[in-house]
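Here the protein sequences line up with chains A and B, keeping their order. Just so we're aligned, residue 494 is where the first sequence starts under this note's numbering, counting upward by one. Just so we're aligned, residue 275 is where the second sequence starts under this note's numbering, counting upward by one.
Honestly, the hints are just simulated from the structure, not real lab data. We put the beta carbon where it would ideally sit given N, CA and C, even for glycine. Please note that the accuracy of each hint is not assured.
Said to hold, decoys possible - Under 8 Å between C-beta atoms, here's a sample of chain A residues computed to sit facing chain B:
hint, residue
1, Pro501
2, Met508
3, Gly509
4, Tyr526
5, Phe535
6, Ser541
7, Gly591
Unchecked claim - Now the stretches of chain B that chain A is said to cover, found in silico as 3 or more residues with beta-carbon under 8 Å:
hint, stretch
8, 292 to 300
9, 323 to 333
10, 356 to 370
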Amino acid sequence: DTAVSQTPKYLVTQMGNDKSIKCEQNLGHDTMYWYKQDSKKFLKIMFSYNNKELIINETVPNRFSPKSPDKAHLNLHINSLELGDSAVYFCASKKGEGTEAFFGQGTRLTVV
Amino acid sequence: KQEVTQIPAALSVPEGENLVLNCSFTDSAIYNLQWFRQDPGKGLTSLLLIQSSQREQTSGRLNASLDKSSGRSTLYIAASQPGDSATYLCAATGNQFYFGTGTSLTVIP
């Protein structure tokens, strides 16, 4: 059983399209995150939700909109995709402060 | 703002060697320090979590230490194996995870 699962694993799409990436965790965790890993492999926070409430929203273009329908899900919707959006996007979750984080397998987004 | 640095950026060792990966962070007000492993094209696998009140954690051939006062953590890998080849990331935890840039480890058979 996968603890944090993301779909799709790979996504190739054209510039200007709108796409969504889904994330689900079956760990009963309260906090979920989206991270972006760039071509240099650096991981940077995008969003964080705690109990469906947005608590971190870094300087991310407003084309990116997270949605948390319930505690177990945090989806990422991206409008008007640009070439620079190509990256690997990771979802993560943890129970609370000071607890271990678990990451999904990542979604490799390629915008052509 | 928390900044996390990992040295070296890349490391190549023969099989069987013991090695140390370094992680430094600028803000000592952290909840914990977590070490991850990332294989090419894969996600992050948690290796060890050290709470801010702890000094070290061990799991098999891995030992991680934490010195909050100096803003440093080390990951010690004993008797390295080719299967240890991967990128190792440390993350200092506050309200989010602040990642280092990683150390790419290659263990040569």
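Quiz item: Does Gly591/A meet its interface restraint, that is, does its C-beta lie within less than 8 Å of any C-beta in chain B?
Solution: 4 Å, holds
Quiz item: With a cut-off of 8 Å, does the beta carbon of Ser541/A approach a beta carbon of chain B closely enough for the hint to hold?
Solution: This hint holds: Ser541/A lies near chain B, its Cβ roughly 6 Å from the closest one there, short of 8 Å.
Practice problem: Examine the stretch 292 to 300 of chain B for residues whose CB is less than 8 Å from any CB of chain A, and state whether their number is three or more. | Solution: violated (count 0)
Practice problem: Double-check Met508/A for me: the hint is only fine if its C-beta lies closer than 8 Å to a C-beta in chain B. | Solution: 24 Å, violated
Practice problem: Tell me if Phe535/A is really an interface residue toward chain B, meaning its C-beta lies closer than 8 Å to one of theirs. | Solution: Holds: closest Cβ of chain B sits about 6 Å from Phe535/A, inside 8 Å.
Quiz item: Within the assertion that chain A covers the stretch 323 to 333 of chain B, do at least three residues meet a Cβ-to-Cβ distance smaller than 8 Å?
Solution: Contact hint for the stretch 323 to 333 of chain B vs chain A: holds, 3 residues under 8 Å.
Quiz item: Holds or violated: is there a CB of chain B closer than 8 Å to the CB of Pro501/A?
Solution: This hint is violated: Pro501/A lies away from chain B, its Cβ roughly 14 Å from the closest one there, beyond 8 Å.
Quiz item: Regarding the hint that Gly509/A lies at the interface with chain B, is the smallest CB-CB distance below 8 Å?
Solution: 27 Å, violated
Quiz prompt | Satisfaction of the Tyr526/A interface hint, Cβ to chain B closer than 8 Å | solution = At 7 Å from the nearest chain B Cβ, Tyr526/A passes the 8 Å test, so the hint holds.
Quiz item: For the stretch 356 to 370 of chain B, do at least 3 residues have a Cβ located nearer than 8 Å to some Cβ of chain A?
Solution: holds (count 6)
Hints 1, 2, 3, 8, counting from the list given before, are not met by this structure.
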